[in-house]
Amino acid sequence: MTALLLASSMPVIAQDSTPEQRNQLNVTLYQNGMALIQDSRTINLEQGIQNIRFQGVTPQIIADSALLAGTDINVLERNYTYDLISLEALLKASIGQKIGLQLNGRFFGNMGGPFFVNATLIAVQNQRMVIKADVPGETSQKILALPIDQYGDLISFDQVPGHLSESPTLSMQVQANAAGEAPVTLTYLSNGFDWQASYISDITSETSINLDAWVTLQNHTDVPLNDARVQLLAGEVNRAMPVHQLRNKMMQDAEMVAMAPPIEAQLENVGDYKLFTLPRNISMAAKQKKQVALFNAERVRVEKHYSLPLDLSHSIKRVKARVSLKLSNTSEAGLGTPMPAGIMRFYQQDHAGLRQFVGEVRIPDLDKHETYSANIGKAFGITANNRNLRWDSAGWLQGELELINSQKKSVVSELIIQPLHYQVDKEYKRISLCEAPTDKQDVKLKLNFRPVTGGPKLVSVSQEDNGACRLSIQLAPDTRSLYRYEYRTS
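If you read the sequence shown in the working numbering, its first letter stands for residue 392, the second for the next number, and so on.
All clues given are correct.
DEER-style ranges, computed between Cβ atoms:
id	residue 1	residue 2	range
1	Q566	N660	37 to 43 Å
2	K533	A569	54 to 60 Å
3	E479	Y664	42 to 48 Å
4	R821	I734	34 to 40 Å
5	T462	R692	51 to 57 Å
6	I807	R690	27 to 33 Å
7	N660	T462	26 to 32 Å
8	K533	D455	48 to 54 Å
9	A454	D663	26 to 32 Å
10	E723	Q789	44 to 50 Å
To be clear, the hints were calculated from the coordinates, so they are not data collected in a lab. Beta carbons: idealized from backbone N, C-alpha and C, even for Gly.
My request is simple: use the sequences and hints to build the entire structure.
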């Protein structure tokens, strides 16, 4: 028992482990502002119990997630300190102790000096320090209150208090079975990081695009991560509790750097998630935003669609057609690789060969074999005008629909006709203008829809899941077409 008490009362050895001792740094970034950091270092151990102070950890470390792995060591205790060295921190830690000051003569009512004073620091508060010192020309010590930022030319301290450090520090108390160099890996979760995918889509024709995928890496912390192997986890990882993230401020503070050369990332499955590994190590400075190439694909097949959403129960003018590009994430279409959620921007060349911006969308996570329709804007030259001619209590709806194609090309425009709503006995009914398909027939239009002057006829009719009718109509170039329609709800 005596030996045990003596051992427990002996001072514990302490040593620092700095980023310079790092052998490898692995960083996995998540899309919810979190990172998993695996920091491998070689440290010198003494046999027995000792404290290892790991410098260079991130300020937003989730301290209770920290793990230390190594051979023949046991972790007994872990502590995280974020008391960084600063003038105010040094002063507060030196209260009651001697400090050295070089003061200008104005502190003593004259312009002489400077005067070198050894003083006892009494208090630090509201950016002022109170000292007790021998004043030149006085026979006894005086109490002086001095502004911290105007104390003179020099202030000196005998030592840096042990609880202050140059960078955030995680301290691990370990027990080593033997002395010598030992490789260890410190693993921890940290907030303050993020990554987002973005896509540059060059529209080369009506049916194809060239696609460049990039990832934006963001280090919102004050600690740089140099020469790190970076991996990106795509998918929504559940967190046990919400984490407050100052995203707007982080984005303002982040420094933007040039794009790195395009080298494609490697892809693998990790459980139910997709993991992208960047092909070369990346350095991220503090408060930095960096873009790295993810992949590129040329001559990706797309389908261009024009659609006009219409509610025939209301007269409406100048409805512009929505322009959408349908993308199929398949190898047959020129893709076939998982695409993380992000912003996709579309560009198209003019006659001079200059790239013009024509729209953007935010796409969801798009796995292989999934499709997505990107609504990139509204066409200037395809317009619909609807006018109700008769809509009475007997249930008759009659109207006139004008379709204008001012473009110099023929297009297929899809009319998305919403179900009708009408009131019967103070209750609103909802009816589709499409007739549901049977085993022997396709979808039919219950609405009597006909061109006035022999214009283009319907190409096809289909029914949407919400009951809307999709009418495909071939519009000749630079034409105005007029259609009459009627339907009885009762």
